[in-house]
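Order-wise, the sequence lines are chains A and B.
Per the UniProt record's numbering, the first sequence starts with residue 1, numbered consecutively.
Per the UniProt record's numbering, the second sequence starts with residue 1, numbered consecutively.
Mixed in with the good hints, there may be bad ones.
[Stated by the list, open to error] Chain A stretches covered by chain B per the calculated footprint, using a threshold of three residues with CB under 8 Å from any CB of chain B:
1) 110-121
2) 213-224
3) 263-271
4) 277-285
For the record, the hints were derived by calculation from the structure and aren't laboratory data.
Idealized CB from N, CA, C, for every residue including glycine.
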Amino acid sequence: MAGPSHQTTLTVADEPRAPTSWQRFRKHRMAVVGTVVLGLLVALVLLGPLIWNVPIDKIDFRARLAMPSAAHPLGTDDLGQDLLARLLYGGRVSLAVGFAAMLVAVVIGTLVGAVAGMSRGPLDAFLMWLTDLFLALPTLPLLLLIIYLFRDALKGLVGPEVGVFVLIIAVVGGLRWMPVARLVRAQFLTIREREFVEAARALGASRLRQVVLHILPNALGPVIVAGTISVAEAIIAESTLSFLGLGFPPDTPTWGRILFDAKDFLSIAPHWALFPGLAIFLTVLSINFIGDGLRDALDPRKVR
Amino acid sequence: MAVFLARRLAIAMLSVIGASVVLYAVLALAPGDVFGELVSNPGIPPDVIANMREKLGLDQPIHIRYVNWALAMVQGDWGYSLVNRIDVGTLIWQRIPATLLVVGSAQALALAIALPVGVLAAMRPYSVFDQIASTLAFIGFSLPTFFTGLLFILLFSITLDWLPFIYRADLEQTGGAWVWAQLRQSIMPVTVLALFQAASWTRYVRSSVLEVIRLDYVVTARSKGLPERVVIVKHVLRNALIPVVTMVALELPVVFGGAIVTEQIFRVPGIGSLLISSIMANDTPVIMAVTFVFACLVILFNLIADVLYRWLDPRIKLH
């Protein structure tokens, strides 16, 4: 058996270190599966159209509402357009909307939360009142109202496709920043009182420098988790709008839009609705699992 | 309690005003013309339109217009539906019961699922039951309501032919047959909405119960020899429900969003489907009013949740 001196060396050298965030993430099995599935989906919509280069709008009435076959692996719609090609193309739009809207939400939320967290007094109170007000607004009706009112103007300004894309990203992201703002503010309130920030302040760091270099990097964990979840929420929001017929125009087959077109043909061509629905479900489920894994990995209570 | 209620009511009123300002600002910022349809109609001379503008006060600055609009809303004058040719107020009152019925039963059903499942999962964390429940919960809130709705129609209406997939407000049956028909046509819209809610609530209930169940007073209750059922129901649940009430209130906007989708899928004649059809028909007065009603509903139920919260937890003092 080892002597006391040996024991000491062992403790110093091999003291079990707290698992890193990555190690904790890896232990969450479903999160790893989710990452793989999402990675595959992203690769598929990015690279798929290069391999499966059937045009998304090639009309073929002889193959109308065809069930899946060798020529059309996922079947066709009521105009005989190939569903696989449309799903791959639509997936690009759906995923792009999800990520872009998340960025909008995270940027606005971080800005509002950071300003509120750094300023004491009336500005903080006002921003939090604003956050609460936005949290109480019915998101979907408001989204519909804004799209109804602004759609035509933006279409005229930048063309139908880009116009709807920009509008949807702006409103979906613009109505989803509130949880991020709350999280960032709460983080800021505690972190700005910590010693290392005080040290930076004592060294004469400007407010901006304190925020950007010292506080923000330490507040990122919960923001990343909230951002991940909001990708899923944004994808659902876009699909919902398109499903209600108020999102993208018919020539932009996002997953929600394909579902909207397919819903009246459920009894004769169920595959038409099933595949885009499954695509949305798989994407959202993977992202939610990833978010759960990230929460385990980045939870500040578990760090340290 | 009276002071609390008064303050809470004042905050709710402020929120209603805030929401109305946001809505009106969106409307005022929007490009285009409320009279777009009329202006493009060559049969109406321009001076008639100018007259209407003046009568409606559209030539005045925006804050005056807002005050006029808000005063009219308060007095119950919600405008006139350009498409349905009746008062917007009347139209909304006709449609609201269906929405509240569907949303209300869905919430009740969701609670009836989420409470027992969440509690049982928390009583045996990481057991097989817990793992199945939490996997199902993840699947549940990753399935968007519009897809669940279509799946239900495909399964229960088209394949099995058990349930009707169109909701009718004017059922021909009377008496017991009416109740049966009403029940049958409500099952799918209510269940679609409830499953989605139940999935996320199960997680809240589980984590909340899990936190409370470790507290010392629960150990005390057990060591007094109380049966586990009494410990859970009387001691754990009451405290565990407090944070759940907040989460439920925070999710209300999502609930009403889900109601719009389900109403649209199953053609439930509520205010959600009214909103969509008005958007399709460019009926601006109805669109504004319905959006405002949704905002008021969310604020109202938030108020109820807050009062409930206070009743559940007398320790909370409004500061």
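A quick look at each hint next to the structure:
| no. | hint | in the structure |
| --- | --- | --- |
| 1 | 110-121 | violated (count 0) |
| 2 | 213-224 | violated (count 0) |
| 3 | 263-271 | holds (count 4) |
| 4 | 277-285 | holds (count 5) |
The structure is inconsistent with the numbered hints 1 and 2, although it conforms to all the rest.
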